[in-house]
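**Q** Please arrange chain H on chain W, whose structure you already have, making use of the hints.
Protein chains in written order, with our numbering: chain W, 635 to 773; chain H, 44 to 572.
If you're looking for bench data, these hints aren't it; they were derived computationally from the structure.
Keep in mind that a hint or two might mislead.
[Said to hold, decoys possible] Below, computed lysine-lysine pairings styled on DSS-like, alpha-carbon distance capped at 30 Å:
no., chain 1, residue 1, chain 2, residue 2
1, W, 765, H, 468
2, W, 686, W, 765
3, H, 172, H, 93
4, W, 686, H, 548
5, H, 431, H, 334
6, H, 196, H, 93
Note that the structure is a prediction, hence the values are computed from the model and not measured.
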Amino acid sequence: MKNPPRPPRVLVAKPGLDGHDRGAKVVVQALRDAGMEVIYTGLHASPEAVVKAAIEEDVDVVGLSVLSGAHLPVCRRVCEGLRGTGKAVVLGGVVPQGDEAELRAMGVEAVFRMGAPFEEIAGWIRHRTGKSSPSPASK
Amino acid sequence: MDPSQDRKVVAESGFEIKPVYTAADAAGLDPGRPGEFPFTRGIHPQMYRKQPWTMRQYAGFGTPAQTNERFRSLIAHGQNALNVAFDLPTQLGLDSDDPRAEGEVGRVGMAVDTLDDMERAFEGIPLGKVSTALTINAPALVMLAMHVAAAEKQGVPASEVRGTLQNDILKEFIGRGAWIYPAGPSVRLVADSIEFCAKSAPKYNAVSVCGYHLRESGATPAEEMALAFEIARAYLDAAIARGVAVDDVAGKITFNLNVFGNLWEQVAKFRAGRKRWASIVRDEYRAKDPKSAQLRMLAGGGGGGLTIEEPENNIVRGAYYALAAALGGAQTMALCCYDEAYSIPTEKASLLSLRTMQILAEEVGLCDTADPLGGSYFVEALTAEMEKKIVAAEKEVRALGGMVKAIEEGTIQRKLARQAYESEKRLRAGETPKVGVNRHAVAGAPAPKVETHAYDSASADRKIGDLRDLRARRSSAEVRASLDAVRRAAGGTANLVPPILEAVKARATVGEICGTLKDVFGEFQEPRF
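Chain W extracted, bound-state conformation (with noise of 0.2 Å):
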């Protein structure tokens, strides 16, 4: 086990026209308390100016929350512009099972529903980015 130089960061971005954001800062202060640094866009985020906040603060995981069910088109567009720098893209929100596959393949690497526990999240961001948080918040 190495000491890792710093916990994961992460990025919660609100791409598109959707404003329901109590599910992001939901997630956002799960991660927090999980022992992240999470920066969070705000509304309205185009998804380059997601790439750009994503390179900029030099996060290693990058979330999306879209809930108005125009997720294909802003998760192709973040991560084409994130291709090659190595950082995840996950997707969270109302997603269709059948939209799975082509998230996939044009990059997202996992989808959190509603509901999904924040261990699990957190988890899956800890294995993703091989970096433990110190100490989390007691819950």
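**A** Frame of chain W; chain H shown alone:
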């Protein structure tokens, strides 16, 4: 749990529920008569016995022609009012051919670019008779103008149009997020619409203040009501500052309230809310007309209570939500649909919600007598507790410097987001029971198969084609002149509805009008989270 041990029951709003209530708990709590100040028991003397609640399912998708078909189907099934859903580009003031609209045109509601669309959506629907609610906020004035212009074309003058604008922009900054302009100019737009309706469209409700979305964002039932009142005060103050009398504006403001959670707590919330609002309007704003002090409300939405797991259970939840709204004295219901956790409703889901309300109103006796719970020791005691909690939550917002300041600084958004997180943790820990999720859930059950509304991208392409045709057909000089007039009015203090009405008649688009206002007002800057 050990059945011999009593358990502590605490309502979400933060007061304890006793195992039994007696006359002593309701002593001195006579709620008076329905139809009389302070309207705890309802705003009409006979309530549903005289007229059941209005039924208006939220509907709209794809093109205006597709939406028109759904409207007609709902009306054919006995619905007596409409509630229009707009797609996200329309809600954010973008045209269907804007690059930012990609994938969103007609997806969660009807796509509207110009007056032609509004005329098409209401074809064959008499706008002087069928009351129509427009679920639109930042571009509310544009949709109001299109509604009035479409009615005019049907021969219905503005004075006869029956409608309700959602037009509650302050809640968009807290939940739902369909904002464009900064808070200050946004409130000015609301004041313009109130003034216009007060003077020219007396049958139009200018605002429907949405406790609903505050609750979805993390507010307790008491906070939902209190924050809605603080928002309503901001609109009242802005309209009164324009020189409109309180008795001309208070009646233009209605409320849209949530129903998920403990049934009794919701009923108490509605009853206490009516009492509190009556006192605010009469005693603080000095309204003289008793009607000004009546809290009129739409209820029946409870998205936060619905589950993606075992979605048919949501049909049952919806029926109990309708019961809560009816026992609480709602004027209008738009009942949530069982597939709401997946997408906008299918026609089947929407009609099932309509049938749920009809069964409640016509088969099981909900309309027989006004406020059937009036005088219940429990309900009256709970109503009194709830009123105290509402007043306390109003004070908390005041302590933050008022609603507009709290929104600009993000204090209210952070508070509710923290509460939403805590409530998600309680749900995941099984402390908040959810049948089929953390109670009686079947391990390893396959993902439910639900028939959902399918997005039709071909209709989006048709919509964009229609818009391009229209741009080629209209007089660009007339459009330019009308937009200049909008720009001048926005820069000054004149009411913006009349110039926007001229612009929509010249076939200026939603994107052009909202873009013009954005040039003048700028954009809201979201506080950091």
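**Q** Hints first: check each against the structure and report whether it holds.
**A** Evaluated hints:
no.: 1; hint: 765(W) - 468(H); verdict: holds (24 Å)
no.: 2; hint: 686(W) - 765(W); verdict: holds (23 Å)
no.: 3; hint: 172(H) - 93(H); verdict: holds (19 Å)
no.: 4; hint: 686(W) - 548(H); verdict: violated (41 Å)
no.: 5; hint: 431(H) - 334(H); verdict: holds (24 Å)
no.: 6; hint: 196(H) - 93(H); verdict: violated (33 Å)
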